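Participant: What follows is each chain in one-letter form.
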Amino acid sequence: MKRTLGVCYYPEHWPEDLWPEDAARMVEAGLSWVRIGEFAWSRLEPSPGNLQLDWLDRAIKVLGNAGLKVILGTPTATPPRWMADKHPDMFARDAGGHVRGFGSRRHYCFSHQGYRAESRRITEILAKRYGANPHVAAWQTDNEYGCHDTVLSYSDAALAGFRDWLSQKYQSPDALNRAWGNIFWSMEYASFDEIGLPNLTVTEPNPAHVMDFRRYSSDQVVAFNRDQTEILRRHTDAPLIHNYMGRVTEFDHFDVGADLDIASWDSYPLGFLEDRMEDSDAHKRSFAQQGDPDFQAFHHDLYRAVGRGRWWIMEQQPGPVNWAPVNPAPLPGMCRLWAWEAFAHGAETVCYFRWRQAPFAQEQMHAGLLRPDSVAAPALGEAADVAREIAAMPDVGTVEAKVALIFDYPSNWAWEVQPQGSAFSYFRLVFETYRTLRSLGLDIDVVAPSGVLQRHKLVLAPGVFSGAQIPDDCRVILGPRCNSKTPDFKINASPIPGVTVSHVESFRADMPRALPDGGAMIHWQEHLETTLPVHETSAIGEAVLVGGRAMYLAAWLDFEALRRVFRTQCEACGITTVDLPEGLRLRRTQTHQFVFNYGRDPVSWRGQNIAPAGVYWTEL
Amino acid sequence: MKRTLGVCYYPEHWPEDLWPEDAARMVEAGLSWVRIGEFAWSRLEPSPGNLQLDWLDRAIKVLGNAGLKVILGTPTATPPRWMADKHPDMFARDAGGHVRGFGSRRHYCFSHQGYRAESRRITEILAKRYGANPHVAAWQTDNEYGCHDTVLSYSDAALAGFRDWLSQKYQSPDALNRAWGNIFWSMEYASFDEIGLPNLTVTEPNPAHVMDFRRYSSDQVVAFNRDQTEILRRHTDAPLIHNYMGRVTEFDHFDVGADLDIASWDSYPLGFLEDRMEDSDAHKRSFAQQGDPDFQAFHHDLYRAVGRGRWWIMEQQPGPVNWAPVNPAPLPGMCRLWAWEAFAHGAETVCYFRWRQAPFAQEQMHAGLLRPDSVAAPALGEAADVAREIAAMPDVGTVEAKVALIFDYPSNWAWEVQPQGSAFSYFRLVFETYRTLRSLGLDIDVVAPSGVLQRHKLVLAPGVFSGAQIPDDCRVILGPRCNSKTPDFKINASPIPGVTVSHVESFRADMPRALPDGGAMIHWQEHLETTLPVHETSAIGEAVLVGGRAMYLAAWLDFEALRRVFRTQCEACGITTVDLPEGLRLRRTQTHQFVFNYGRDPVSWRGQNIAPAGVYWTEL
Amino acid sequence: MKRTLGVCYYPEHWPEDLWPEDAARMVEAGLSWVRIGEFAWSRLEPSPGNLQLDWLDRAIKVLGNAGLKVILGTPTATPPRWMADKHPDMFARDAGGHVRGFGSRRHYCFSHQGYRAESRRITEILAKRYGANPHVAAWQTDNEYGCHDTVLSYSDAALAGFRDWLSQKYQSPDALNRAWGNIFWSMEYASFDEIGLPNLTVTEPNPAHVMDFRRYSSDQVVAFNRDQTEILRRHTDAPLIHNYMGRVTEFDHFDVGADLDIASWDSYPLGFLEDRMEDSDAHKRSFAQQGDPDFQAFHHDLYRAVGRGRWWIMEQQPGPVNWAPVNPAPLPGMCRLWAWEAFAHGAETVCYFRWRQAPFAQEQMHAGLLRPDSVAAPALGEAADVAREIAAMPDVGTVEAKVALIFDYPSNWAWEVQPQGSAFSYFRLVFETYRTLRSLGLDIDVVAPSGVLQRHKLVLAPGVFSGAQIPDDCRVILGPRCNSKTPDFKINASPIPGVTVSHVESFRADMPRALPDGGAMIHWQEHLETTLPVHETSAIGEAVLVGGRAMYLAAWLDFEALRRVFRTQCEACGITTVDLPEGLRLRRTQTHQFVFNYGRDPVSWRGQNIAPAGVYWTEL
Ligand SMILES: [Zn+2]
Ligand SMILES: [Zn+2]
Ligand SMILES: [Zn+2]
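Those protein sequences? They're chains A, B and C, same order as listed.
Residue numbers for the first sequence, in UniProt numbering: 1 to 620.
Residue numbers for the second sequence, in UniProt numbering: 1 to 620.
Residue numbers for the third sequence, in UniProt numbering: 1 to 620.
Do not take every clue at face value.
[What the hints assert, rightly or not] A few chain A residues facing chain B, derived, Cβ under 7 Å: (1) Pro80; (2) Val99; (3) Ala329; (4) Pro359.
[Said to hold, decoys possible] Chain C side only, calculated, beta carbon under 7 Å to chain B, not exhaustive: (5) Asn177; (6) Arg178; (7) Gly181; (8) Gly196; (9) Asn206; (10) Val417; (11) Gly421; (12) Phe424; (13) Phe427; (14) Glu505; (15) His535; (16) Ser538; (17) Val578; (18) Leu580; (19) Asn609; (20) Ile610.
Hints were generated in silico from the structure; no laboratory data involved.
Remember, predicted model here, so these are calculated numbers, not experimental data.
The C-beta atom is built at its ideal place from N, Cα and C for all residues, glycine as well.
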């Protein structure tokens, strides 16, 4: 399958007579796909039961006849205003108990059964009408589940659903009381109807209580999505996709992904850098117009796993966005680089968001491939360049990475529930692991705990809160803070055989604990009792890295220390590493090696001068 | 008309036998005016309908007979406790939905019709009784509209009023849907009754929705004030005044001012410096006991426009206040300097707040001209000095400034609604423009968009969100971010003829973009397509300042760059500039030039040594 | 009486067959006391009226028979879930009006009469059953009153109680209006039923209103505790104790303490350092694994006064805790040092919290003397060391300190209500006074305003808001900000005879006002008119320290300046001082001098080398 490009389009925003011209220009730019429909419910059903699908018929026809393949979105992320009259209690509530009402988007509670039925109804209507339409070549369910903190809801619907979920899980209040340790602070329940949501408590609620609520909440997203996929499957053979949002971790993407054919994600490198990364101001200055050099790649590798090999970019930043603390323009070339980086990581398709900048409403300051006056924005040319370049390249083909890094959504919830140190973020821990591996020029598979494959020679499992296994026949480094809990959220002191954690410490970010061989422990240290060989020790002789084939890493290491450990362990299992200059990144496909320059300055790499925002590839 | 001084006084706080002595001491200090009554409702009407005005009769008589002119305030900023029983829903609600109840002040929602009627009732009672009283020489409506964030209310009354306002503005939901672009995210409304207030949404509401709510909210303040002025006009010929509060921008002061005769404002230089300025700690240290050198002057020039030439200080800081993060004492001399600076900018009257420091309740730590023990505080002597000095000076007379700077309240709302970069503040942008102009020794008129006069040779219009015109026969610099929206809050790409903004960027405060001739662009840059002459370019050749008589400035410039631009443009239109040392400020009247030293050190200026807090004037 | 050690234990958390082994190990480690029961209500009364006390009988028996003395806690800090059905309105509400419900602990409103009755009922049940039990050698009421901000509640019960309290205090609304100065801003009330709680106001409420609410709220804690002590007294002769929490100041501990026999407090040095101290990052780094060198001592000296000479540590940190921003392990030796420091300050007993780390629920990451797997944690050995050491020492005996420092809870409320400068914290002011005194090697009595004794030669009274007396026959330094209010929260300008405060200033933390003899005024300066001798002046000659035997200090002084003042004044009254190196602290008992090294490095002290975490004592 050839790599392809696409774009997100809102025919309902524009006069119908503009559609053919838009379609022609898309095709001319080399785009193959067009995503439509995901926010159009108020035009598809302006009042309850009053279906108005003719315009969508025509839009699909115009686009399809121009040669484009349509991705059709179910419109459930934006129920129309009349829905609130039918279901006045359909809204989520925040942790303070305040309603999260109509007026923007994602204004529904996943637990609300009435809205769930509405979601099935509109999905069924669309699936029946367009399931066999030859132009509709893929479907998107809803839009960006979880965006704007919408997974967790403290509504009455969530309370009822949570009690029911708990009663099915535990069968008896006594079993729940034992599992949660409710004897502590007299928190025991006599019936499931006594259990509340874990908000509005005097001090922190039982972490086991919160953890189950996090699981419950994730399950509702899965169920909501499955409602739609079950209907769609009955009417279409086209692949089903959801577009996940970067660094949204409140539901288990692997669980949602299991019901879909392709994973996609929405990649906004500049917005993410400013809005959702913990890095220093100096780092953010270095990459202000390029994005973090690893943030996109991490998500590429993650969603390849979520999609079981098949993945897309559904929304690619095309210029300045409107939602970060600051919104600069990408360096010239970055809209090309980002697309090529996605393809290098195995993406089948990259869709830019959006076709034409809308001059009205919330996202009017969000760039498109066209300006509001229909003049081409800089990204359109870069997209067209990519289109020409992929034509000359072989089919999609993903390299077989030797390094696997486990990413586990419940672990993210666990450490949000109980960080034990204000800087402890699971995402950050995993991401810093990823960044360090990648600085060594490695290809990495980000995988679910169950996703380790035979080809993986080195497996990393930082921060998996519970149940991380030691795969056969590979070198594995578990830790820090791995397997430190039972599934019931109780302490487990033995992360791997031969190791007991006697106690743990979190410590000040400004008090790194230097290591004799360079670098330091930061944020977190575990104190071990072990019978295993010791590979790294602290300045006062404590075991920091222990084990044989299965190793345990007892601290959060800084970049320098972690890089040394990884370099050594890669060597030990025959994986070649390379020390990449800052800003330069490598990635291989089955056939090519790609080099990306995320820096603001040209970099010389093996005799090749690579410009800022430059992409350079060689055949393997 | 001679310049005059006055003071704010609360006869209801003190034993009646103290009144004559207080009045005599006021006269002795050279004060002409005394403001009373604006918080006294609970004494004027202790229970519903039970009017007790005799004490006020006597207070006015005592003050008037001593030779003082009375400014009488309507007491509507502090309705008594019984009002809450009559109108339990009269309170505003904050954006989280929480009631803002009784127990301090300004506890009413401008949209509440019941309270509006009460406000008219008490105003009518006072107007009838005192409208012709020879001692009542001016009236104040309410007190500091908008203080404590009281313009925006999310109450049921506001919801009902907003829907009605929208239905009058748009006539049909479809017109509103089109104007707001509600097709975006399926936000379309079928009736005005479906529209909510723009709070408690999941993510940001439609900016057009918020902008109309901001306009509606401002209109309610105007209507509330007009209720009172219409009644007062029927009973008195005395001038009507409101006392605006510094940097309160939530309602359109020009609109309120149109119904009044004189604008006044409440000037607390030290409190404002710490509480409502974005400047650096170093800057705040330099002026900790003097106040920012330009903050007062900006408001003087603004309220001269709001008052159509007639303006006062109604409350002048007399010593430490009680409400800023820190509350130091002014340097000796500042209470004189501040008054003279107001007069230099054309003030008719400066009233100090308050006569005697109250030893009880919320403001007990707020200084007065007297201490609680009736001993003179330092400011009393400074006030008396000013009184002697104004006696020797000619009448009030304002210089005819050649430079106009536009200030537009709706623009402030627009960029609060949609900053597009966290540092983007309209007030700050305009204020930094003002500060830069003033550092060149210029006299400035701050004007409404419609307020440009023929005498203005240079007009500045930074950040006017929509509809800024190019006046005839003068040099005008529009921008940055000028005319970038339609009134409906949609993108407009052509700020002036010959210029198209292709895209805009906000960027990190720690990444200024240096200009070849010195200084830098900060926070904000627009990228232009233009056929006009280019006067300033960026380091990479982008147009930064373009045009002929009408110019467009495409970036937020720092002090150095902006000063260069202004110096050049002043030269081009024959306006003389001078590079003032830091802390020194100039202002002319029709007859004199005044020099003010805001610095902590003496400054030598044209052979004259000017002490800290020094004021120096020469005849022109 | 010999000094003793103890531990907190939760038999309900562990299998019954583990109890004897636990008891034996406690005894073996040298522990004498075991505190139990304070969170066990759901096991004592699993459903309303269904009492299940047999297990507690057995637990007491097992522990007692092993040789341990039991401290039995009333379980009222954690009412079971069924209580919420009996009393749905029993919960506190936060200042925003949100309920603070079930799911953690301290979920009750002190004003709720229904819950007050439940508290008496369960106390009576336990008192009757165990009041004469020979193993129950002490009682604890509730647990950590006020922890998690639970003193202030804005519930309906609090509103009703507050109105009643006000009507008893003032007898007539007019008296209240006069006392509060409600004429200000028309806040007058016609009946007590019109008065609200001081939350949800538009801007700050009347400080007199808030101050009375603070007093009312404190009184409810006192009354709640007295409910229990009155019942317990009827059934037991054992001493009654409450365990106060560090830096909890929302209720008057002296008032609660008056109904008890022994004061105890819960000492978590590392948690407190990070969680509730204003000190710099550099200071926190220096003491990250030791705790602040004076924070514990201050509380020791405070609770000695609260307990009228008798005081304990009820909970002593044994390792990392779970609730601070970071939670490192104590340096080896600190768990010994902390205990010895308590004993040096006169503690009778130090109980570690807890025996075995619970592997479940909220505090699973809080260390114990045992790990969850029952292996000894490091603190167990240190506790055993202390047990051996105290056996060789004489009985408890407190030195007769010559210096007294007044601590007054209402003053803390007063300056929270009206700080007048964001950095002004009463606790911080008193604590910095304490720290400075202690750096001079002094033994200090922290006392209530009424607690000055004849032996005290030097008395410090910083920040007492009202009514501080000048004791006979000693040197006393009042101020800064002492006696600046009447009890009604009105300004009082004469803190001591011969001194009038003309005005006060708060100022920026980055603008210290240097003193000619070294050091500086920080945060706060009062300007005096005085007829008294002047001992310290500012750089511009203002009086900073004035008086004779009774002196007034007119500013918040930094460490250097305050140390000079104290050194001088100690000399003047014949108290010997010594300049201690940083981290080293002294304390005397009747028979010994103790030296503690809080530093990370060894310190040489009078020929003795004292290791980090070292304790060194000599006979006097
Ligand atoms: Zn709330
Ligand atoms: Zn999104
Ligand atoms: Zn606690």
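Participant: It remains to establish, for every hint, whether it holds in the given structure.
Facilitator: Right, here's what the structure says about each hint:
With a cut of 7 Å, the hint placing Pro80 of chain A at the interface with chain B holds, because the nearest CB-to-CB distance is about 5 Å. Interface hint status for Val99 of chain A: upheld, as the beta-carbon distance to the closest one in chain B is roughly 6 Å, under 7 Å. For the restraint placing Ala329 of chain A at the interface with chain B, the shortest Cβ-Cβ distance is roughly 5 Å, inside the 7 Å limit, so the hint holds. Proximity of Pro359 of chain A to chain B holds as hinted, the smallest CB-CB distance being about 4 Å (cut-off 7 Å).
At its closest, the beta carbon of Asn177 of chain C sits 9 Å from a beta carbon of chain B; the interface hint therefore is violated under the 7 Å criterion. Here the hint on Arg178 of chain C is broken, as its CB sits about 9 Å from the closest CB of chain B, past 7 Å. Proximity of Gly181 of chain C to chain B holds as hinted, the smallest CB-CB distance being about 3 Å (cut-off 7 Å). Annotation: interface hint on Gly196 of chain C holds; nearest CB of chain B at approximately 6 Å, less than 7 Å.
Residue-level restraint check for Asn206 of chain C holds (minimum Cβ-Cβ distance to chain B is 5 Å; threshold 7 Å). Taking 7 Å as the C-beta cut-off, the interface hint given for Val417 of chain C is violated, the closest approach to chain B being about 11 Å. At a threshold of 7 Å, the smallest CB-CB gap from Gly421 of chain C to chain B is about 5 Å, leaving the interface hint in force. Because the closest C-beta pair between Phe424 of chain C and chain B is about 9 Å apart, greater than 7 Å, the hint is violated.
With its C-beta approaching chain B no nearer than about 19 Å, Phe427 of chain C sits outside the 7 Å limit, and its interface hint is violated. Using the Cβ-Cβ criterion of 7 Å, the hint placing Glu505 of chain C at the interface with chain B is satisfied: the shortest such distance is roughly 5 Å. With its C-beta approaching chain B no nearer than about 23 Å, His535 of chain C sits outside the 7 Å limit, and its interface hint is violated. Because the beta carbon of Ser538 of chain C sits about 13 Å from the nearest beta carbon in chain B, more than 7 Å, this interface hint is broken.
With its C-beta approaching chain B no nearer than about 36 Å, Val578 of chain C sits outside the 7 Å limit, and its interface hint is violated. Residue-level restraint check for Leu580 of chain C is violated (minimum Cβ-Cβ distance to chain B is 33 Å; threshold 7 Å). Look at Asn609 of chain C: its Cβ only gets to about 44 Å from chain B, farther than 7 Å, so that hint breaks. Annotation: Ile610 of chain C was flagged as interfacial toward chain B, and the flag is violated, the nearest CB pair being 41 Å apart, outside 7 Å.
The structure is inconsistent with the numbered hints 5, 6, 10, 12, 13, 15, 16, 17, 18, 19, 20, although it conforms to all the rest.
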